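There are 2 protein chains.
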Amino acid sequence: MSKFGKIIPVISGKGGVGKSTVAVNLAISIAKTGAKVGLIDGDFYGPSIPTLMGGGQVVPDHEERLIPPVKYGIKYISLGFFLKNPDDAVIWRGPMFNKALNQMFEDVSWGALDYLIIDMPPGTGDAQISLTQLVKLAGAVVVTTPQEVALADVRKSMNMLRKVQVPILGIVENMAGLPLPDGTVVPVFGSGGGEKTAREFGVPLLAQIPIDLAIREGGDTGAPAACGTGATAERFEALAKRVLKEVNETGSPDAGVAIVN
Amino acid sequence: MSKFGKIIPVISGKGGVGKSTVAVNLAISIAKTGAKVGLIDGDFYGPSIPTLMGGGQVVPDHEERLIPPVKYGIKYISLGFFLKNPDDAVIWRGPMFNKALNQMFEDVSWGALDYLIIDMPPGTGDAQISLTQLVKLAGAVVVTTPQEVALADVRKSMNMLRKVQVPILGIVENMAGLPLPDGTVVPVFGSGGGEKTAREFGVPLLAQIPIDLAIREGGDTGAPAACGTGATAERFEALAKRVLKEVNETGSPDAGVAIVN
Chain A
1 MSKFGKIIPV ISGKGGVGKS TVAVNLAISI AKTGAKVGLI DGDFYGPSIP
51 TLMGGGQVVP DHEERLIPPV KYGIKYISLG FFLKNPDDAV IWRGPMFNKA
101 LNQMFEDVSW GALDYLIIDM PPGTGDAQIS LTQLVKLAGA VVVTTPQEVA
151 LADVRKSMNM LRKVQVPILG IVENMAGLPL PDGTVVPVFG SGGGEKTARE
201 FGVPLLAQIP IDLAIREGGD TGAPAACGTG ATAERFEALA KRVLKEVNET
251 GSPDAGVAIV N
Chain B
1 MSKFGKIIPV ISGKGGVGKS TVAVNLAISI AKTGAKVGLI DGDFYGPSIP
51 TLMGGGQVVP DHEERLIPPV KYGIKYISLG FFLKNPDDAV IWRGPMFNKA
101 LNQMFEDVSW GALDYLIIDM PPGTGDAQIS LTQLVKLAGA VVVTTPQEVA
151 LADVRKSMNM LRKVQVPILG IVENMAGLPL PDGTVVPVFG SGGGEKTARE
201 FGVPLLAQIP IDLAIREGGD TGAPAACGTG ATAERFEALA KRVLKEVNET
251 GSPDAGVAIV N
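Chains as they are written, first to last, in our numbering: chain A, 1 to 261; chain B, 1 to 261.
Rather than coming from a laboratory, the hints here were simulated on the basis of the structure. Computed from a predicted structure; not experimentally measured. Beta carbons are placed, not taken as given, at the ideal position from N, Cα and C, and that holds for glycine. Incorrect hints may appear among the rest.
Stated by the list, open to error - Partial list, derived from the structure: chain B residues whose beta carbon lies under 10 Å from chain A: (1) 87; (2) 127; (3) 192; (4) 229.
Said to hold, decoys possible - In silico BS3-like pairs for lysine-lysine, Cα to Cα no more than 25 Å straight-line: (5) A:196 to B:196; (6) A:163 to B:84; (7) A:3 to A:32; (8) B:163 to A:84.
Just chain A, same shape as in the assembly:
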C-alpha cells in the first residue's frame, strides 16, 4: 500500500452535476469514520475546492515541500491556492496539466493517507487519461444528474474507465428531484436516470441525493453539508460507507502505487 492509500477519483461525464460537491462531502464523510483522508482538486480549469472548503492556505515545510491545509478532518490541495488572481483563466495545455497533477502527488506533504479523493475535471480528455497513467486508481465514483443529456456523457466516461481498466465503484445520482415542504418532489432534472444507467452497466447505484438548498449554500459559504447534521449529512455518511465497502471489496488491490514519475 502506498502512502496515498486508496486513490478514488470522483468523475462525471458532464460538468455542473455536483461532482466537486460530492467529492468534498464524500471526503469529509469518510474522514468521519476515522480514516486519514486527502483531497486533490484536479479540476485545474475551474478549481472549486477553495470555495467549497471556505479557503485554505498552503505553507512550505523545511524540505521545500508543501503542507496542505487541514479542515473538517481532511487535508486538501487546489491549484486555486497558487493563483494570484483567482479569476484569472489558466489556459492548460496537455503537458502542463500532467506536470501540475504530478506535483500535487509528489510535492505535497500528505503524510500517510488511507484514502485520497480526486475531484477530476469533467469530460474524457487528456486530463482523465493522464491521471490513469500517473497512479493506480482504486476505483472511480461516477456522479451524474438524472436527465438524458447528462447520462449520455456518463456512459462515455464509464466506457473510457473500462477501456483504461479503472474499476467503477458505482454511480451517485445527484440533484435527484427537489422535495417541497408539502411532500411532493419536483423532478427538476428528471428522475431515475442514474439508477437505470447503473443497471445497464452492472454497477452499484451508490446514492440518490435530492436537491437540498443547504448543499448549495454550504458550498457557496465554505461549510459543506456533510459537516452538519440532518438528512443530507446522513446521506453523505451512508454514501461514504458504501464507497468504502465497494473500494475494499471490488477496488483495485494495488491501488495508489505510482506507475509514472
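Starting from the known structure of chain A, fit chain B onto it as the hints suggest.
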C-alpha cells in the same frame, strides 16, 4: 463578410449550466427572425446537440463535402453524427481537436449564413484558444447559473475572452430559480449572481431564464422549448433579439474571416 456570417460562440466557465440548451434555443430563435443560421456542436467531449435536436443525419454531396441536417429552421452539425457508438468516449488530444473543428467549418456545405452559433466545451483550455485562432469571432454569449462556484468559473472565462480580444456580448443567467404554481420561486442555484457579474464586468445581462421543466423535457426529447409557444419560448425570442442588437452594435465588424487554414 465571410460565408459564415457572424460567428457567435456560446461559452460557459462551468459545465452543466445549460450552455448547449441556450445555444440550441438561441439558434432557433434567431432563425425565427428570418436570418440564415448554422449551429456547430463544438463540445467534442460530450456532444449534446444530437439529443437536443432530436437526431439528424449528414450526407455527402457530389463534391465530397458534407450536407448538414436542417431542422427547426437551422443547419447544424455535431461530432455525434460520426460516432458509430454514441456512448464511446472519444479521447481528444489538442491537435486532433483543432483539425476536427477546422473540418466543421471547411468541409461542411453551410451555404451563405447570417449567423453561426458555436456550442463550445466548458472551461478555458486548448479548445477555446483553438477556436479564437481559427476564425474571427463576432462576440461571445456567456452562460452561467447564479451560484458562486459557477460564477467563479465564468469570471475566468470572461478574463480569457478579454485576453484573446473576443468581445463579450453579455451574460445569460440560466436556471434562475424554479417558479412554483403558488407564485413563489425556489432559488435552487441561488439568485442574482449573473446580474451581479454582468455589472462587475460592465457587460449586458442578456436574459434571466428561470428553470422550466419544459426546457429539460424538450431537450431530452429533441423538441427544444424555443419551437413551442409560451413564456419560455418568448424569453428565448427576447434573448435572440438582444443578442442580434449587441452583435451588430458592439460585435467585431470583420467577424467570420478565417485567420488560420
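The hints, checked one at a time:
no., hint, in the structure
1, 87, "holds (4 Å)"
2, 127, "holds (9 Å)"
3, 192, "violated (12 Å)"
4, 229, "violated (22 Å)"
5, A:196 to B:196, "violated (39 Å)"
6, A:163 to B:84, "holds (16 Å)"
7, A:3 to A:32, "holds (20 Å)"
8, B:163 to A:84, "holds (16 Å)"
Checked against the numbered hints given earlier, this structure breaks hints 3, 4 and 5; the rest are met.
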